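Taking the hints into account, I'd like the entire structure generated from these sequences.
Position one of the sequence shown corresponds to residue 714 (our numbering), numbered consecutively onward.
Note that these hints are calculated values from the structure, not bench results. Treat the numbers as computed from the prediction; the structure is a model and nothing was measured. Treat the hints loosely; a few may be bogus.
Keeping only pairs whose Cα atoms sit at most 30 angstroms apart, straight-line, the calculated DSSO-like set for lysine-lysine is [claimed, not checked]:
1) Lys865 x Lys803
2) Lys773 x Lys731
3) Lys731 x Lys747
4) Lys735 x Lys751
5) Lys731 x Lys715
6) Lys735 x Lys773
7) Lys803 x Lys848
8) Lys865 x Lys848
9) Lys840 x Lys783
10) Lys848 x Lys717
11) Lys815 x Lys747
12) Lys773 x Lys751
13) Lys815 x Lys865
14) Lys810 x Lys731
15) Lys810 x Lys840
16) Lys815 x Lys803
17) Lys796 x Lys751
18) Lys715 x Lys773
19) Lys717 x Lys735
20) Lys803 x Lys783
21) Lys848 x Lys751
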Amino acid sequence: QKQKNLIIFLSPEIILPKEIEKLILIDEFEYPSKDQLKSYLISFCHQIGQNEIPNDVIEKIISLGLGLTKSEFLSALSLSTVKTGTINCKDVINIKKQLIRKNPVLEFYEPQDEDRFDNIGGYEVLKTFLLRTYKSSLAKGVLLLGVPGTGKSSVARAMSGETGLPLLILNFARSFGSL
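Printed below as a string of structure tokens:
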């Protein structure tokens, strides 16, 4: 009599030999939503007895946690609590930075004080559009494309400074080799 076996693989990447692709069922899971991250954060705060976190800090931590798994997000919160006795944004950023460093195509950029729209001349329509897009819940990000030397990187860094959020830079030269 045949026994039926079930094997479950959990992985962020799916690389299968063509011979077994047809035999395997793949179920992809989404990253936690803002509401889920907020639930994890509030639950974590209750567990450690830290119930007095300002709403603006909660929203910032949740925004920074987007794109992390539940485990990665809770690890960042735990690390922060162990290091400083409280939850802070810096440790969530550091966990994200460590994960991104493993990908040679992505570069992590933290905004500097001088990264502001006021320091860039022109592009008024683009600046307004970017700020409006950031405030809406429809967009997940913005991709700026164009010929070299037109200010894409400067605008992206300024947007990062305006929002206080880190910037991910996709380096096409690294992904396709230098063409």
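Results of checking the hints against the structure:
no. : hint            : in the structure
1   : Lys865 x Lys803 : holds (26 angstroms)
2   : Lys773 x Lys731 : violated (43 angstroms)
3   : Lys731 x Lys747 : violated (36 angstroms)
4   : Lys735 x Lys751 : violated (38 angstroms)
5   : Lys731 x Lys715 : holds (25 angstroms)
6   : Lys735 x Lys773 : violated (43 angstroms)
7   : Lys803 x Lys848 : holds (22 angstroms)
8   : Lys865 x Lys848 : holds (20 angstroms)
9   : Lys840 x Lys783 : violated (33 angstroms)
10  : Lys848 x Lys717 : violated (51 angstroms)
11  : Lys815 x Lys747 : holds (25 angstroms)
12  : Lys773 x Lys751 : holds (11 angstroms)
13  : Lys815 x Lys865 : holds (25 angstroms)
14  : Lys810 x Lys731 : violated (34 angstroms)
15  : Lys810 x Lys840 : holds (26 angstroms)
16  : Lys815 x Lys803 : holds (19 angstroms)
17  : Lys796 x Lys751 : holds (21 angstroms)
18  : Lys715 x Lys773 : violated (54 angstroms)
19  : Lys717 x Lys735 : holds (18 angstroms)
20  : Lys803 x Lys783 : holds (18 angstroms)
21  : Lys848 x Lys751 : holds (18 angstroms)
Figure legend: structure checked against the earlier numbered hints; hints not met, in rising order: 2, 3, 4, 6, 9, 10, 14, 18.
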